[in-house]
Amino acid sequence: MQLRRLFLDFLPLGSERKVRDFLHVKLVLSAMRMSSGTKPAEASLPAIRELFDKSRGERYGLTLAAFEAILEQVAEKYSPHADQAKKLELWQDLKLEELALARACAHGHEEAWTEFLRRFREKLYEIARGMTKEDSNGRELADSLYADLYGTSEKEGKRVSRLNFYMGRGSLEGWLRTVVAQEFVNRYRKQKRLVSLEEEGEEGVQFPAAESSFPMPEDVRLSQATDEALERLTAQDRLILAAYYLDNRTLTEVGRMVGVHESTISRRLEKMIKLLRKQVIAGLQARGMKHGQAEEALEADVRFLTVDVRRKLQENRPAAFQEDKGSN
Amino acid sequence: MQGFSNLLRQRLGTSALPQVHPEADELTAFIEQCLPRAERERLLQHLSACGHCREVVFLSQPEIPEIQVVGTLPKRSFFALPGFRWVATAAAVAVAAGVAIERPWQMAPHSDVRSSQVAVNSSQEPHQAAVQPPPPSAIVGTIAAPAPAASGQADTVHSVTAEASQTRGVPSYSRPTMAGQGNLVATYSGSGDGPRRTEVVPLQTRGSSVLAQSENYVNISDRYAYVPGLIEAQSISSLPAAPTVKGTDIEQVFIRSTAPPITFEAVQKSASSSSIPDTASVFYRVPTRTRESSRLKDFIHFVGGVDRIASKRAPEGASSFMESSARRSSQPGVHWRIAEGKLLKSTDEAQWREAYPEQDQLNIQFRALATATEGHEVWAGGSHLTLVHSWNGGVNWQTFNLGNPTDGDITKISIDGENLEVQGSNNQTWVSPDGGQKWTQVKQPN
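Sequence order for the protein chains is A and B. Read in order, the letters of the first sequence are residues 1 to 328 in this note's numbering. Read in order, the letters of the second sequence are residues 1001 to 1446 in this note's numbering.
The set of hints was computed from the structure by calculation and includes no laboratory data. Check the hints yourself; a few may be wrong.
Claimed, not checked - If you want the footprint, here are the derived chain B segments under chain A, 3+ residues with CB under 8 Å: (1) 1006-1019; (2) 1031-1039; (3) 1052-1058.
Bear in mind that the values here come from a model prediction, so they are computed numbers and not experimental data. Glycine included, each C-beta is placed from N, C-alpha and C at the ideal position.
Build out the structure end to end from the sequences listed, making use of the hints.
Written out as structure tokens, the structure reads:
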């Protein structure tokens, strides 16, 4: 059995049970193939047939009916009340070949797994290594993900492969990258919670004083006016602000995140800050402050906010960040 | 102002964290810019409030290839020359120096034959025999993520004018220059007292093409288009007869020229010269989902001088050129050879492995091989008149049977752009004018 050998070579020690499960799923798949031959006639809609041909799913043992069921699942998820024309529009934009490959893997198709491993095995290790910045951790991260992709958990007696959640909206490699990133961020957060007080003490971490000991003289009007101004921003602009100020991303990093050039981000940030400042001052004036007082309120609060901001930033940052950008 | 920044930090940090997070599938589509506008907007809303997902999105970005500065800027700068801006803009045109413009995606006869040889019972490596005429050149600049599949149809004639950049907002880039071999260097000036630093856009030579890994350096807004060294134009506006093509609608830019080959030296020379050839071809991929259809249309834009970009209909082949350019934009070259009837591939020419997965199943003994685009395009043929094709460096394969399996073997394959010619051992010949979609037998067996 080529696939059995493939997995025994590939999976971590003690994974023979997974292979047995896998072979069981192959039987299920065979049964599925046999039964799907009697699907209703609508499965042969020319447009779907065209998409099926494009996906080359036949190569991985997918039938037209099974493929149609996958497409319907995608439509149900992302466009639940759409008519057939809208669905077709959605389907045409999918990465059909990779969707077929992923689903065939999820169903345990031998050739699909061979192809998947050929294309992504090393790539996945590279991605994980790139995130962990360390070889053994990267390998461990990738291995744990492979177990998920293969499907080690069971639901109603069936193996659940994470590849079943790939819907083909982006590339399969991109999806794998995102899944690794999610796993990495989740692990980091778990590990962060598990760091003992002793460890922190040994590392010389200074524990913050109790919250109540910080003076918080923030004028509630200032918060309200600022929140109001922030709410007026577009979602993209708020994302840019959050990435830049909260996550301490560089202009290039923010630019990549939203798909524009860093110089555009720089210009946009500059404009945004000016506009926000103007709006906050106007908001404070509307709340009874004079212009001079409003200006003063913005500056006066800095001394206290510095402390508060630092603490806040520590709370929700899930990963190592770059040098802080002047919060002092 | 510092105080205000801190205030913003504080208020942004107080927003409630969302309890439900988007799935990997949606985040991937967001990163690859495949999401429809409404969904993208919803996801932006989420990301603006969710540090967790922002972190995931950040980590999920494909890594930027390492940049290595080779050489230094030339001592004598042409920045100070009078009319520098115009010259700078013209340099974009000069990227495609001496281009024949009419149908740039169709090569002159035999001009794109990267490797075409018979490999009868031979273990000779393709590159060893690849004494080829100088290939045509292409520069491919990719903006954002690969776009969805194109329809390949553009049935409208458009005219677009791009005025040359006279002024530039801050921050700005200096006119990029060539430094060493393979890098464009530009100095970035931050606004006000902001940082001033040098950026390097690596250019990679890949056989017939020069690839600008410029996705992180390309700035196209609704009024401004700038690809270092390639495009510099402001106020992209359309003539009355044509629909507006906004910079923000453009998902990908491809620039291509035919002969003569573009060399780094040629670009540098052209940049400081006033006699700049005024022809090049620029492909813009413009999604038209905001208009009548969700499908894409491709536009071909001919640079018609320093200050004009006139676009005409995108003929057949433009779409596939863009597709293949996008596909290979981030991949290294692939080497191929046939040994003992097996089709082997390697990325480093040190380790070779069998490349065609169904060889044993179909019982093929390979005898002929032809590659193009640095090995990303490969055709191989052999026994039973079986021809196999991969357009992405051996990831996916198509298999063709050109005739009755008992009629012999394939012994020679030639590639000339989209034109393919295959010869059989019984003196048969098949041709395909469209990259292998349709085949015609032009010579019957003896």
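Unsatisfied constraints (hint numbers, rising): none
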